[in-house]
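K.L.:
Now for the letters of each chain:
Protein chains: 2
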Amino acid sequence: MMADITPVLERADANLPNSLERLFDLIRIKSISTDPAFKAECRKAAEWLAAELAALGFEASVRDTPGHPMVVAHHGAEKATAPHLLFYGHYDVQPVDPLNLWEAPPFEPSIKEVEPGRKIITGRGTSDDKGQLMTFVEAVRAYKETRGALPCRITILFEGEEESGSPSLKPFLEANAAELKADYALVCDTGMWDRETPAISAGLRGLVGEEIIVTAADRDLHSGLFGGAAANPIHILTDILAGLHDETGRVTLDGFHEGVEETPAEIKRTWETLGRTAEKFLGEVGLSIPSGEKGRSLLELTWARPTAEVNGIIGGYTGEGFKTVIAAQASAKVSFRLVGKQDPLKVRESFRAYARSKIPADCSVEFHPHGASPAIHLPYDSALLTTAKIALSKEWPKPAVVIGMGGSIPVVGDFQTMLGMESLLVGFGLADDRIHSPNEKYELQSFHKGIRSWIRILDALAA
Amino acid sequence: MMADITPVLERADANLPNSLERLFDLIRIKSISTDPAFKAECRKAAEWLAAELAALGFEASVRDTPGHPMVVAHHGAEKATAPHLLFYGHYDVQPVDPLNLWEAPPFEPSIKEVEPGRKIITGRGTSDDKGQLMTFVEAVRAYKETRGALPCRITILFEGEEESGSPSLKPFLEANAAELKADYALVCDTGMWDRETPAISAGLRGLVGEEIIVTAADRDLHSGLFGGAAANPIHILTDILAGLHDETGRVTLDGFHEGVEETPAEIKRTWETLGRTAEKFLGEVGLSIPSGEKGRSLLELTWARPTAEVNGIIGGYTGEGFKTVIAAQASAKVSFRLVGKQDPLKVRESFRAYARSKIPADCSVEFHPHGASPAIHLPYDSALLTTAKIALSKEWPKPAVVIGMGGSIPVVGDFQTMLGMESLLVGFGLADDRIHSPNEKYELQSFHKGIRSWIRILDALAA
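Top to bottom, those sequences are chains X and Y. FYI, the numbering for the first sequence is 584 to 1046, going by my numbering. FYI, the numbering for the second sequence is 584 to 1046, going by my numbering.
Be a bit skeptical, because a hint or two may be false.
Where chains are identical, the list cannot tell them apart; a pair therefore holds if satisfied intra-copy or between any two copies.
Claimed, not checked - With a straight-line Cα cutoff of 30 angstroms, these simulated DSSO-like cross-link-like pairs (lysine-lysine) come out:
1. K764 x K627
2. K941 x K863
3. K981 x K727
4. K753 x K877
Hints listed in this document are in silico derivations from the structure and should not be mistaken for laboratory results.
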């Protein structure tokens, strides 16, 4: 029989003020991985984490990669029979532009009471993913401080390139497979169903990122002199992008829907009981009408259907005022969310072939890949998932639900294919956390009960 | 009988080194009118010009407007019977981005020998329009220094907002109509036919500038969470822009072609003799295939056909790397070149109605106007034009030709409608001057023979 975890939970409660101080220290480090200007800050975050883990008794190290470093740490279990778990999180964060929309500086975290009894932690990375990964570190701390030992053998892997396509992840997993292989992986980069209901994510969409650069003339041209005769790369690019969807919102690329499967009616019925309507979900961000494919429910659109999305576009004169120029170049960043068995590389090739077919003979196009990962579907009825579901349901007002996810966590696929590990996806973010946007926040309750949730999950998995 | 102008021409030749020094001083002033950061520089350019003109004996003043100031200067004629001419030029210049493409700093002019016997003046505004307007000032100087008088009564109007839609021009002309009304206007903001052939422009396309801003959600969204369900303003915008042309390159807006007239066969035949082919014209900028409407000659496309051109577009993440964001907003700057009797305001309204029709009910669109002017067609056989043609033909290796123009010089229309003045459009720019682009230049020959050309034109008009 396992020891009672009440003292561990109480320790976590007592630690909370100091846990927050530590989280704040981590948030203050501007670890924006996609922008080379913040390279040193990324390393600083890795070093800060390794030092924290070492102080908790882990054998911890900062491991160089061609990009930002990984943090790897190991700790043994109280009993040799306990399972070995690999915990994954990422210490890098998204860029903060447009900075002028932030109500408080993104790297100066603070606690704000937004309504009586509800406090939030503000700052870039609070929810994605520093606040989340620290729930696990603090759960471990509560165990160590209470019992001097951990209930499971734990390996920790913190990545610093999750927000920039994880270029070093696969090679690192490959080179260190023996060291990183565990019984299960725990991934903390997902959300709750709502404020009262914890969630375990069993399906994730894949992702293909692609940058396209169209070049026409060898210089910017005056639209008076050349307009009507010279190719305009913005016209070519907008034509390519506008052609990605038909009038029903369906992606038009050749072979794109190969491997896309219809969601079983039974799963769709379960989703309906969750009560997430387009009005409620989109209403929170000032919208009301689902865009995208016609005739699909909101949860189908965001969990089970593939998309093509333009994430950024730039070309020509974009400053104040007006300039009658025909640009030499225009570019866009495009991403595809994948489901079922869609092949990321085939999708990329299909996009490139389509775009090339739209380029006039005297113009040119260049592509830059930014990550490619297939969709992931975890078994809805595994022992891992069932155990975690029960543990989570003890902590929160409502029982845990098993859901799909619109986002992509490529590492889950890599753990499966490269290390043969099933992943448990548990996280405490909320839909209104504004991750990737100005004014990102994490609920204080997510942080506090998140720590307690991991204590319960570790205890349950050890049994 | 008029006095011989040989001494005046010789004086201009002797002055050349000092004329260049003065031009360089003017180019060093960063008078970018479209960017509020350069407001003080615009005023400085106006003050510099007024001081130069005052030193030449003009009654010169800098005149405030709600935007950048005007320069107005008056000088009497040797004989009361001589015509009164209004000379127009603009001292403002285009922005210089992308700065990294300039081979020399844009505001540090220099003379460069590009091939034996051919020198160019480098820098922003050398060709558009500081170098051009200084040809006239230096022609006047040569007269004054030789004869102590001018052959015609001259009023000078220098504008500082030509590159940003001339918002103050019409009100200024209206308020100062009596002071500015002359017998003819001389406008120096156009080009030569080729290095040896001067040109007089008899047709100019009109221009409508419009900025469109599409807003979807009230914040940037994560494309994993929201992709497939939330409206993406870049998709809406690219769809609007891509729909501006049909597959034949024809603009699709309702009523857009109202007032567009077919060019008479006789004019088209004259154009054919000029020998400007798509291969030659586009070849100079790295292109070869005329884009735009199918089945039209290059000169028709650039002189006689209306266009819709996207001059700039921006939305979402455009920095280094990748960010899976759905932007809250996307915007573009669009311009329409007009011909014949197309109504600029109707074109603007048609574009807005079309764009609005593409905006989903939960999204919004905003428009900002940036100038509107109709096309101008001057009589091919007026006395003014014929006189100038003879004078120009004396200065250059080949006789002057009368041509159309793809660009827009709204002031010509305003002179016609508001002051009842015919304009003579003579300039010495070349197609490869890279106006509005990095590495703008003006041929030293354009500057030198430009000065001499104005001496000859003033002499001919005085007779």
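K.L.:
Quick one: K941 to K863, C-alpha cut-off 30 angstroms, is that within a copy, between copies, both, or neither?
P.N.:
Answer is between: at 24 angstroms across copies they meet the 30 angstroms cutoff, but 39 angstroms inside does not.
K.L.:
Regarding K981 and K727, is the shortest C-alpha distance of 30 angstroms or less found within a copy, between copies, in both, or in neither?
P.N.:
So K981 and K727 pass the 30 angstroms test inside one copy only (29 angstroms; across, 93 angstroms).
K.L.:
Within a copy, between copies, both or neither: which one fits K753 and K877 at a CA-CA cutoff of 30 angstroms?
P.N.:
neither (37 angstroms within a copy, 50 angstroms between copies)
K.L.:
When no copy is specified for K764 and K627, does a C-alpha distance of 30 angstroms or less occur within a copy, between copies, both, or neither?
P.N.:
Within. Shortest intra-copy distance 26 angstroms satisfies the 30 angstroms Cα cut-off; inter-copy 70 angstroms does not.
Consistency note: the structure conflicts with earlier hint 4 alone.
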